[in-house]
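*Asks:* The primary structure of each chain is shown beneath.
Number of protein chains: 2
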Amino acid sequence: MLLLPGMKAKQLQQYSHLYKSNLLNDVIPFWLNNSLDKEYGGYFTCLDKTGNVFDTDKFMWLQGRQLWMFSMLYTNVEQKQEWLDAALHGADFLIKHGRDAEGNWYFSLNREGQPLVQPYNIFSDCFAALGFSALYKAKPEQLYADIAAATFNKILRRRDNPKGIYNKAFPGTRPLKNFSLPMILCNLSLEMEHLLGKETVDALTREIIHEVMEVFYHPESGLILENVYQNGSFCDSFEGRLVNPGHVLEAMWFIADQAVRLNDQPLIHQTKEIALRVLEYGWDKEHGGILYFKDIKGHPTQQLEWDQKLWWVHAEALVCLLKAYLHTGDERCWEWFEKLHEYTWKHFPDPENGEWYGYLNREGKPLLTLKGGKWKGCFHVPRALYQCWMTLDAILEKETNLTLQEK
Amino acid sequence: MLLLPGMKAKQLQQYSHLYKSNLLNDVIPFWLNNSLDKEYGGYFTCLDKTGNVFDTDKFMWLQGRQLWMFSMLYTNVEQKQEWLDAALHGADFLIKHGRDAEGNWYFSLNREGQPLVQPYNIFSDCFAALGFSALYKAKPEQLYADIAAATFNKILRRRDNPKGIYNKAFPGTRPLKNFSLPMILCNLSLEMEHLLGKETVDALTREIIHEVMEVFYHPESGLILENVYQNGSFCDSFEGRLVNPGHVLEAMWFIADQAVRLNDQPLIHQTKEIALRVLEYGWDKEHGGILYFKDIKGHPTQQLEWDQKLWWVHAEALVCLLKAYLHTGDERCWEWFEKLHEYTWKHFPDPENGEWYGYLNREGKPLLTLKGGKWKGCFHVPRALYQCWMTLDAILEKETNLTLQEK
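In order, the protein sequence lines correspond to chains A and B.
With the first letter of the first sequence counted as 1, position 232 gets the number 231 in numbering that gives the first Met the number 0; the numbers rise by one all the way through.
With the first letter of the second sequence counted as 1, position 198 gets the number 197 in numbering that gives the first Met the number 0; the numbers rise by one all the way through.
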């Protein structure tokens with residue numbers, strides 16, 4: 000990738016335009032037009048290929064995430080009333096129906112808001128906290144801050160046994176811990192710094208970075224594992240052998256954001272090296288794209304979907320590579336970005352009907368034609384489009400400054 | 000399918016030989032050679048392509064099922080000492096480690112027998128009861144009968160809330176019931192008649208047949224649903240829209256066995272019609288084979304593995320078609336059997352290394368190369384081979400008698 004500065008600048012502008020335009024002219028209108036339940040409140044997320052609602056259940060991960068998305072756009076992109084209204088539309092429903100008497104967030108509700116699945120899943124709470132803390136930035140009403148802070152405190156208290164009474168593991172035989180929670184807390188603590196304060200975030204950050212970059216890091220492979228023993232050692236079991244490349248790539252940009260906050264250059268380089276390593280490892284040499292799951296010893300995985308290509312994996316990988324390139328200038332990041340960009344834009348977006356397909360088979364053809372479902376909502380695609388747009392502009396600014404300095 | 004009697008007889012003999020020989024010379028030796036844990040007892044089930052153990056956890060579904068398999072072979076095929084020894088090898092381990100203090104069967108143990116996953120899954124109990132009741136036929140020690148009977152009683156008591164404290168559904172909002180338990184009880188009650196007695200089985204049978212053939216039956220489609228409201232009505236949700244063609248086909252031969260016991264010809268015809276309907280519905284017109292899951296309204300399923308081809312689905316469908324043909328003589332059953340036989344034998348068995356692949360992608364290529372895992376053990380393949388062998392011989396006998404009567 001040795002381009003003349005002028006050509007590189009033009010190319011960066013083109014990429015930036017593509018990500019921005021897909022976000023603002025395609026993906027966000029798709030959700031605004033199709034996902035608001037005007038009758039009962041909250042968001043529909045089960046949207047078929049053309050945006051029609053095919054199921055009306057309301058999954059709390061996706062309710063909280065969509066609230067975050069519209070609040071964030073309002074705060075960071077433009078103070079559009081319809082974006083704030085869309086955020087408030089979700090917030091009102093969540094306030095009314097989202098929690099049990101102890102303040103824990105249900106996993107799902109029916110259309111009317113009655114609870115369907117108990118609050119067994121701590122990530123429902125994580126994304127509710129994420130959503131309300133962003134809404135508080137968009138519209139600083141104390142209630143929103145209170146909900147976010149109270150939820151965050153409950154998450155910290157539940158941390159050591161997140162599933163609580165629904166935990167099916169027999170105590171003591173194989174005490175494992177999972178990568179997802181420290182990874183999400185890494186992003187969540189940064190998103191909530193305006194509510195938590197610098198000191199709390201500092202303390203939490205140091206602990207989380209240690210967990211992600213040392214405890215779950217597997218030095219022999221240079222990868223990060225999904226589950227390790229409580230003491231950090233490798234567990235030779237289905238859970239212990241599992242690698243989720245998309246998770247690692249998403250975590251690496253969360254950690255890179257923390258590293259920027261801490262101005263920790265060695266940490267930034269470490270995230271970049273792990274990202275490049277996991278891409279090499281997770282890339283499907285036969286059909287392209289990033290595999291969903293692998294077993295670190297090469298054994299069959301439990302997950303029957305291991306060879307599928309998922310939207311969020313590719314979206315988060317694009318963000319990760321651009322951030323790594325911005326912060327380190329390592330040309331391998333740019334080369335990987337271009338390779339991944341080409342695969343992603345060839346297979347995931349649906350220019351005819353809008354938004355992106357979520358689930359492709361190994362060959363890259365849509366396995367499910369939905370645009371939203373139980374797990375895919377208004378989150379990874381638009382967040383990644385926004386992050387890529389911003390990061391491409393930052394790269395452009397940095398490279399322009401460098402060129403000017405050289406002259 | 001209009002063959003001369005002589006040709007048909009030869010063809011039936013060839014099929015019978017194939018199923019018998021694959022059972023006795025390939026599949027059973029594969030498990031005998033690779034799955035017995037000589038050090039800690041019980042069975043390894045995670046076996047790779049060539050039979051090497053790649054994981055040592057012990058999953059109770061598969062422990063109970065393998066115990067059943069070897070006990071059944073000893074009782075029904077030949078009193079081989081090594082088969083009885085293999086059964087006792089599993090039984091000893093299960094007696095020592097399988098249950099909690101209340102007599103509920105854990106979901107899984109580690110290699111040494113320490114509990115890993117709590118007894119949240121009632122099917123662990125079902126397959127333990129199945130195994131010990133068959134062992135009691137092979138070796139009538141009272142302990143085995145007691146374990147089977149006590150387990151069966153506990154299953155009946157847990158029936159209305161099988162997941163107990165691990166149930167994550169919020170009470171009352173959407174009270175669903177699931178097809179799996181009545182379906183398994185249909186088979187289990189018949190398998191345990193020597194312990195339960197005729198009257199108990201009669202009462203249970205009538206109730207189960209009603210559940211399967213009327214409550215879960217969906218008249219508009221002629222199919223059977225995986226989940227319905229407690230009152231039997233259709234629930235328009237991911238769970239309520241789910242059809243699992245393999246489940247239906249397996250259930251139809253369980254019900255056909257019950258119908259034979261009751262000498263209920265209309266019921267036999269009903270199972271045959273549903274089986275033919277579900278095959279038509281579940282058959283992949285593009286690539287052949289039976290799809291794993293479908294949504295009855297044609298919406299995307301929750302299950303990412305919906306388009307895969309699973310060993311047990313095809314094995315159970317073969318049994319179902321042969322029994323339907325034996326009992327009704329409907330030539331459509333024989334035509335479907337031949338079509339399915341061809342697909343199955345082309346894609347699943349691995350003559351080079353033994354046993355069958357379990358998980359194929361939509362195109363029919365192995366998606367996982369394992370021969371055994373967390374869910375695939377020494378059960379569906381050998382049971383189906385045995386059932387097909389026996390049923391083919393019965394068809395041969397019946398058709399020979401008919402031909403003799405005609406002369």
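Derived from the structure by calculation, the hints contain no laboratory data.
Treat the hints with caution; some may be incorrect.
Said to hold, decoys possible - No more than 30 Å apart at the CA atoms, straight line, and that leaves these computed lysine-lysine pairs for DSS-like:
(1) A:K345 with B:K48
(2) A:K345 with B:K167
(3) A:K364 with B:K338
(4) B:K397 with B:K48
(5) B:K136 with A:K364
(6) A:K136 with A:K364
(7) B:K364 with A:K167
(8) B:K79 with A:K176
(9) B:K338 with A:K167
(10) A:K153 with B:K167
(11) A:K373 with B:K48
All values reported here derive from a predicted model rather than from experimental measurement.
*Asks:* Each hint: holds or not?
*Replies:* Verification of the supplied hints:
Note on K345 (chain A) and K48 (chain B): the hinted pairing is violated, with a Cα-Cα distance of about 35 Å set against a maximum of 30 Å. Of the supplied pair hints, the one linking K345 (chain A) and K167 (chain B) is violated, its CA atoms being roughly 40 Å apart against a limit of 30 Å. Restraint check for K364 (chain A) and K338 (chain B): satisfied, since their Cα atoms lie roughly 28 Å apart, inside the 30 Å limit. Pair hint K397 (chain B) plus K48 (chain B) does not hold up; C-alpha atoms about 39 Å apart against a cutoff of 30 Å.
A threshold of 30 Å between alpha carbons decides the hint, and for K136 (chain B) with K364 (chain A) the separation of about 52 Å lies outside it, so the pair is violated. For the proposed pair K136 (chain A) and K364 (chain A), the alpha carbon gap of about 40 Å is over 30 Å, so the pair is violated. In summary, the hint linking K364 (chain B) to K167 (chain A) is not supported, as the alpha carbons are separated by about 34 Å, beyond the 30 Å threshold. This hinted pair does not check out: K79 (chain B) and K176 (chain A) have alpha carbons roughly 46 Å apart, beyond 30 Å.
At most 30 Å may separate the alpha-carbon atoms for a hinted pair to count; K338 (chain B) and K167 (chain A) exceed this at roughly 43 Å. Distance hint between K153 (chain A) and K167 (chain B) is fulfilled; the C-alpha atoms sit about 20 Å from each other, no more than 30 Å. Of the supplied pair hints, the one linking K373 (chain A) and K48 (chain B) is violated, its CA atoms being roughly 34 Å apart against a limit of 30 Å.
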